[in-house]
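Undergrad: Chains A and B, in that order, are what the protein sequence lines are.
Counting from 35, one number per residue, gives the positions in the first sequence under our numbering.
Counting from 35, one number per residue, gives the positions in the second sequence under our numbering.
None of these hints come from the bench; they were simulated from the model.
Computed from a predicted structure; not experimentally measured.
All C-beta atoms, glycine included, are put in the ideal place defined by N, C-alpha and C.
There's no promise every hint is true.
To be verified - As a list, the in silico EDC-like pairs of lysine to aspartate or glutamate whose alpha-carbon atoms are at most 16 Å apart:
hint	chain 1	residue 1	chain 2	residue 2
1	A	Lys-73	B	Glu-132
2	B	Lys-73	A	Asp-133
3	B	Lys-73	A	Glu-71
4	A	Lys-43	A	Glu-85
5	B	Lys-87	B	Glu-46
6	A	Lys-73	B	Glu-93
7	A	Lys-87	B	Glu-132
8	A	Lys-76	B	Glu-132
9	A	Lys-76	B	Asp-117
10	B	Lys-76	A	Glu-110
11	B	Lys-76	A	Glu-93
12	B	Lys-48	B	Glu-85
13	A	Lys-73	B	Glu-71
14	A	Lys-65	A	Glu-110
15	B	Lys-87	A	Glu-132
16	B	Lys-76	B	Asp-117
17	B	Lys-73	A	Glu-132
18	A	Lys-76	B	Glu-93
19	B	Lys-73	A	Glu-93
20	B	Lys-76	A	Glu-132
21	B	Lys-43	B	Glu-71
22	B	Lys-65	B	Glu-132
23	A	Lys-73	B	Asp-133
Stated by the list, open to error - Footprint (simulated), chain A over chain B, 3 or more residues, beta carbon under 8 Å:
hint	region
24	37-50
25	70-80
26	123-132
Protein chains: 2
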Amino acid sequence: MAKLIALYKHPENKEEFDNHYFNVHGPLTAKIPGLREMKVTKVTGSPMGGEGKYYLTCEMTYDNLEALQQGLRSAEGKASGKDLMGFAGNLVTLMIGEDA
Amino acid sequence: MAKLIALYKHPENKEEFDNHYFNVHGPLTAKIPGLREMKVTKVTGSPMGGEGKYYLTCEMTYDNLEALQQGLRSAEGKASGKDLMGFAGNLVTLMIGEDA
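Assemble the whole structure, with the sequences as input and the hints as a guide.
TA: Structure (structure tokens):
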């Protein structure tokens with residue numbers, strides 16, 4: 035399994051972010067061919083107290099690295115990437131990973 | 035479900051880090067009461083090329099926030115926390131989250 039991990043910093047306007055994320059970006063991303071699972075986590079805090087370093091995380095699982103890269107290069111992958119850069123280009127960190 | 039997410043920055047000595055993480059810290063953490071699942075991901079890169087922002091991530095799942103907090107306050111939780119601060123206190127970011 036290969037994973038694409040997205041970490042989002044706290045947005046200035048959380049309501050606007052949530053609205054776009056859950057109503058537009060999530061559904062666009064869910065269409066990417068080869069995507070097996072998409073898990074969104076809302077960060078609620080830190081064990082040391084205070085808010086967490088990030089606001090939201092998303093883990094997208096593909097069968098393997100090739101499937102992940104094909105997904106990102108597909109029309110649906112490009113649409114999701116374009117949308118991402120438009121609404122959260124300054125907030126997001128993307129990483130590729132695999133189960134240890 | 036409640037999750038504790040750990041993000042580790044790239045260590046100076048990856049072999050030493052891996053050795054401690056997988057042979058000492060992981061087994062210590064796995065003993066924490068209430069821990070349902072522990073998923074470790076090795077970051078292998080970024081979709082934009084280059085290495086990822088973090089080196090490794092770990093997601094620890096508990097039934098709920100109370101179980102997570104009880105786990106961290108347990109003797110096993112404190113032992114894991116002490117070990118963590120000793121070998122990776124300057125590398126780790128901890129966050130609490132829940133499924134969106």
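Undergrad: Are the hints correct? Go through all of them and say.
TA: Hint by hint, here is what the structure shows:
1. Lys-73/A - Glu-132/B: Roughly 10 Å separates the two Cα atoms, so the pair holds.
2. Lys-73/B - Asp-133/A: 7 Å, holds
3. Lys-73/B - Glu-71/A: 15 Å, holds
4. Lys-43/A - Glu-85/A: 11 Å, holds
5. Lys-87/B - Glu-46/B: 14 Å, holds
6. Lys-73/A - Glu-93/B: Satisfied, since the Cα-Cα distance of roughly 12 Å is no more than 16 Å.
7. Lys-87/A - Glu-132/B: It holds: about 15 Å lies between the C-alpha atoms, which stays within 16 Å.
8. Lys-76/A - Glu-132/B: 5 Å, holds
9. Lys-76/A - Asp-117/B: Answer violated: Lys-76/A to Asp-117/B is near 27 Å, above 16 Å.
10. Lys-76/B - Glu-110/A: With a Cα-Cα distance of about 26 Å, the restraint between Lys-76/B and Glu-110/A is violated, given a limit of 16 Å.
11. Lys-76/B - Glu-93/A: 13 Å, holds
12. Lys-48/B - Glu-85/B: 13 Å, holds
13. Lys-73/A - Glu-71/B: 15 Å, holds
14. Lys-65/A - Glu-110/A: Since the Cα atoms of Lys-65/A and Glu-110/A sit roughly 6 Å apart, the hinted pair holds (cutoff 16 Å).
15. Lys-87/B - Glu-132/A: 15 Å, holds
16. Lys-76/B - Asp-117/B: 20 Å, violated
17. Lys-73/B - Glu-132/A: 10 Å, holds
18. Lys-76/A - Glu-93/B: Within the cut-off at roughly 13 Å; holds.
19. Lys-73/B - Glu-93/A: 12 Å, holds
20. Lys-76/B - Glu-132/A: 5 Å, holds
21. Lys-43/B - Glu-71/B: 22 Å, violated
22. Lys-65/B - Glu-132/B: Distance ~22 Å between Lys-65/B and Glu-132/B Cα, so the pair is violated.
23. Lys-73/A - Asp-133/B: Status holds; Cα separation ~7 Å.
24. 37-50: Since 4 is at least three, the answer is holds.
25. 70-80: holds (count 8)
26. 123-132: Three-residue rule met by the region 123-132 of chain B, so holds; n is 6.
In the structure shown, a violation is registered for the earlier hints numbered 9, 10, 16, 21, 22, in ascending order.
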